[in-house]
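In order, the protein sequences belong to chains W and S.
Positions 1 to 247 (this note's numbering) are the ones given, in order, by the first sequence.
Positions 1 to 247 (this note's numbering) are the ones given, in order, by the second sequence.
No lab work stands behind these hints: they were computed from the structure.
Please read these numbers as outputs of a predicted model, since none were measured by experiment.
Treat the hints with care, as some may be off.
For chains that are exact copies, the list does not tell them apart, and a pair is met inside one copy or across any two.
[As the list claims (entries may be wrong)] Heads up, simulated DMTMM-like pairs for lysine to aspartate or glutamate below, C-alpha to C-alpha not over 20 Å straight-line:
{"#": "1", "residue 1": "K169", "residue 2": "E117"}
{"#": "2", "residue 1": "K199", "residue 2": "E78"}
{"#": "3", "residue 1": "K169", "residue 2": "E78"}
{"#": "4", "residue 1": "K221", "residue 2": "E175"}
{"#": "5", "residue 1": "K205", "residue 2": "E175"}
{"#": "6", "residue 1": "K2", "residue 2": "D214"}
{"#": "7", "residue 1": "K221", "residue 2": "E14"}
{"#": "8", "residue 1": "K2", "residue 2": "E202"}
{"#": "9", "residue 1": "K75", "residue 2": "E117"}
{"#": "10", "residue 1": "K237", "residue 2": "E117"}
{"#": "11", "residue 1": "K192", "residue 2": "E88"}
{"#": "12", "residue 1": "K192", "residue 2": "E78"}
{"#": "13", "residue 1": "K196", "residue 2": "E175"}
{"#": "14", "residue 1": "K20", "residue 2": "E175"}
{"#": "15", "residue 1": "K2", "residue 2": "D200"}
{"#": "16", "residue 1": "K139", "residue 2": "D214"}
{"#": "17", "residue 1": "K188", "residue 2": "E14"}
{"#": "18", "residue 1": "K221", "residue 2": "E78"}
{"#": "19", "residue 1": "K221", "residue 2": "E117"}
{"#": "20", "residue 1": "K20", "residue 2": "E52"}
{"#": "21", "residue 1": "K20", "residue 2": "D140"}
{"#": "22", "residue 1": "K199", "residue 2": "E175"}
2 protein chains.
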Amino acid sequence: MKINVLFSPLGADELSFAGKTTVVIDVLRASSTIVTALYNGAREVVPVATVEFAVKVSGGMFGGQTLLGGERQTKKVEGFALGNSPLEYLPEVVSGKTIIFYTTNGSKAIVKAKFSENLFVCSFLNLEAVAKHLVNLNKDFEILCAGRNNYYSMEDSVCAGKLITEITKLNDSAELSDSSKACVSLSKTFGKSTLKMLKDTEHGKILLENGFEDDLNFCSKNSSYNIIPYFSANVLKVLSNSEDVNK
Amino acid sequence: MKINVLFSPLGADELSFAGKTTVVIDVLRASSTIVTALYNGAREVVPVATVEFAVKVSGGMFGGQTLLGGERQTKKVEGFALGNSPLEYLPEVVSGKTIIFYTTNGSKAIVKAKFSENLFVCSFLNLEAVAKHLVNLNKDFEILCAGRNNYYSMEDSVCAGKLITEITKLNDSAELSDSSKACVSLSKTFGKSTLKMLKDTEHGKILLENGFEDDLNFCSKNSSYNIIPYFSANVLKVLSNSEDVNK
Chain W
1 MKINVLFSPL GADELSFAGK TTVVIDVLRA SSTIVTALYN GAREVVPVAT
51 VEFAVKVSGG MFGGQTLLGG ERQTKKVEGF ALGNSPLEYL PEVVSGKTII
101 FYTTNGSKAI VKAKFSENLF VCSFLNLEAV AKHLVNLNKD FEILCAGRNN
151 YYSMEDSVCA GKLITEITKL NDSAELSDSS KACVSLSKTF GKSTLKMLKD
201 TEHGKILLEN GFEDDLNFCS KNSSYNIIPY FSANVLKVLS NSEDVNK
Chain S
1 MKINVLFSPL GADELSFAGK TTVVIDVLRA SSTIVTALYN GAREVVPVAT
51 VEFAVKVSGG MFGGQTLLGG ERQTKKVEGF ALGNSPLEYL PEVVSGKTII
101 FYTTNGSKAI VKAKFSENLF VCSFLNLEAV AKHLVNLNKD FEILCAGRNN
151 YYSMEDSVCA GKLITEITKL NDSAELSDSS KACVSLSKTF GKSTLKMLKD
201 TEHGKILLEN GFEDDLNFCS KNSSYNIIPY FSANVLKVLS NSEDVNK
C-alpha cells in the first residue's frame, strides 16, 4: 500500500485522480463540517466549485429539502442559509436535508478529485474510522490537502500525518512517499495538542480573529465521529459500511 | 522579515514573483551544480526551461565559450557536453565558460521565478553564505523548492528549513509562515545527517540506482562554498559582494 500526500490541489490535474483512491482533508473547516453534517443526519452533501453552481443546483431541487451552506474567505456567502462552521450543522437544522456546499478551499478540492475511484473526506473528527477503512480497502491512496488559497496549510498536513500514523500501526507494509514521511514527522512535532497547533496556524489565527474559537475547539476533537463521507454520483453520503468497518 | 516556502513551482504564476526576493532550491542536483560551476570559475550559467531553447541559445554564442549542460529524468541530454552531476563541473572544464543549463526541475523553477527583484540559488553547499546575505538584505522572501516532477521533495524542504534556521539565529524577528515552520521542523528531524537524509529520499534513491552515490556525498556538504549565484538579465553569476557579506 503506497501512500502519497499532495499539499494543495493547485495545478493537480482532475484526470490524474481517475481510478485512484483519494482522501480529501480540509481541517479548517470544510471536511470537519461535512463530517458533522452527515453525522447529524444530513441526507447528503453536494460539494460545488463555484457559488454560481451552488445556486443553480439548489434551484433545481425541492425547496424545503435543500440548504445552501459554505463560505467565501471565512464569511458566509450572502443568501446562503448556513456558513462553514460545523457548529451550525445541528441535527434539528440538517436532518434529512441535502446540503449544497461551497467553500474557498475544501469543496473545490473535492470537486477536483471527483474522478477518483474512491473518494473519502477526512478530518480529525473521523480520523480513526477513515484509517481503519483504508487499511481494510488495502489500496494505494493519495491524500489531497485542501490547503489555504491553494497553498500549504499546517493543519491539513498534521491531520494527514496522524491518519498515516494510524494506518501504519495497522499495516506495517505501507510505503510512504517523501510527503507522507514529512506529514508523519510534522504530526509528531505539532500534533501533541491538536488545539494548540490549530491556534498557531495561519488559518487558525484568521478564524480566531473572526470569532471562531469554538470552531477550533470543535475541529480539534480526535476521532469523536465514527463515520466516513464517501463521494459517489457527485454527492457525499455516509459510507454504508462505516460502522461495520469500525467494529 | 516574512519568510514563506513554496514546495513546488507547480501552478505558481510567473508574475506572482514580480518585485519579490526569491531563493530557488533544488538540492538534487541543479542548485548544487550551479553553485559548483560558478565556484569553479564558470563565467555564468544560463538556466533555460526547454531543451530546444538551450540549443537555440547556445547556437547564437561563440562556440568555444559555451557549454550545454543538464539532464532530462536523471540522464544527460543527447548532444550536451555535460550532465547534471556537480562533479563534472571541474575548474579545467568550466573556467571562463558560459553554461547553458537545462534540468527537469531546477532550471525550470529558476526561469519561473525570473521576474523576482532578487533571485538567488541555494543548496546545502552555500547555505550559510545565502543566509547571511538574506539577513543583511532584510527583506521578506520566498523559498521556491524545485521539487521533483512538480511535486514535493524532502531534500529541498530540509535545505529550506536549515536556511531558515540559520536566518532566525541571526534575525530573531523573522516571521515564519506555516510552510516555513514545517521546513524548520523537518530540518531538525531529518537534517542531523544530510547524507543519510538524501539517501532516503525518493530522488536520492533514484540517483543511487543510477550510480550517482558520489553526487549525494558531494551535495550533502554543508556550506563548503562561500558564493551566491544571483540571477540578473537572464543569467546567473556570482553575486559580486558574496565574499564581503560573509566576512
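Hints, verified against the model:
Neither within a single protomer nor between protomers do K169 and E117 lie at most 20 Å apart by alpha-carbon distance, with minima of 25 Å and 48 Å respectively. In this assembly of identical chains, the alpha carbons of K199 and E78 never lie at most 20 Å apart, being 27 Å within a copy and 52 Å across copies at closest. Taking the shortest alpha-carbon separations for K169 and E78, neither the intra-copy value of 45 Å nor the inter-copy value of 47 Å comes in at or below 20 Å. Neither within a single protomer nor between protomers do K221 and E175 lie at most 20 Å apart by alpha-carbon distance, with minima of 28 Å and 28 Å respectively.
Taking CA atoms no more than 20 Å apart as the test, K205 paired with E175 passes between copies only; the shortest distance there is 14 Å, against 34 Å inside one copy. Taking CA atoms no more than 20 Å apart as the test, K2 paired with D214 passes in neither setting, with 36 Å inside one copy and 29 Å between copies. With identical chains, the CA atoms of K221 and E14 are never at most 20 Å apart, being 31 Å at best within one copy and 40 Å at best between copies. Taking the shortest Cα distances, K2 and E202 sit within 20 Å of each other only across copies (13 Å), while inside one copy they are farther apart (30 Å).
Taking CA atoms no more than 20 Å apart as the test, K75 paired with E117 passes in neither setting, with 33 Å inside one copy and 35 Å between copies. When the C-alpha separation of K237 and E117 is checked against a cutoff of 20 Å, the pair qualifies only within one copy, where the shortest distance is 15 Å, while the shortest distance between copies is 49 Å. In this assembly of identical chains, the alpha carbons of K192 and E88 never lie at most 20 Å apart, being 28 Å within a copy and 46 Å across copies at closest. With identical chains, the CA atoms of K192 and E78 are never at most 20 Å apart, being 38 Å at best within one copy and 51 Å at best between copies.
With identical chains, the CA atoms of K196 and E175 are at most 20 Å apart between copies only, with a shortest distance of 18 Å across copies and 30 Å within one. For the identical chains of this complex, K20 and E175 are intra-copy neighbours only, at 16 Å inside a copy versus 38 Å across copies, given an alpha-carbon limit of 20 Å. In this assembly of identical chains, the alpha carbons of K2 and D200 lie at most 20 Å apart only when taken from different copies (16 Å versus 31 Å within one copy). Taking CA atoms no more than 20 Å apart as the test, K139 paired with D214 passes in neither setting, with 36 Å inside one copy and 36 Å between copies.
Taking the closest pair of Cα atoms, K188 and E14 never come within 20 Å of each other, the shortest separation being 31 Å inside a single copy and 35 Å across copies. For the homomeric pair K221 and E78, neither the shortest alpha-carbon distance inside one copy (29 Å) nor that between copies (56 Å) is at most 20 Å. In this homomeric assembly, K221 and E117 never come within 20 Å of each other (Cα to Cα): the closest approach is 29 Å inside a single copy and 44 Å across copies. In this assembly of identical chains, the alpha carbons of K20 and E52 never lie at most 20 Å apart, being 29 Å within a copy and 34 Å across copies at closest.
Taking identical chains as interchangeable, the C-alpha atoms of K20 and D140 lie at most 20 Å apart only when both belong to the same chain, with a minimum of 8 Å there against 39 Å between chains. Taking the shortest Cα distances, K199 and E175 sit within 20 Å of each other only across copies (16 Å), while inside one copy they are farther apart (31 Å).
Violation of the numbered hints given earlier is confined to hints 1, 2, 3, 4, 6, 7, 9, 11, 12, 16, 17, 18, 19 and 20; the remaining hints are satisfied by the structure.
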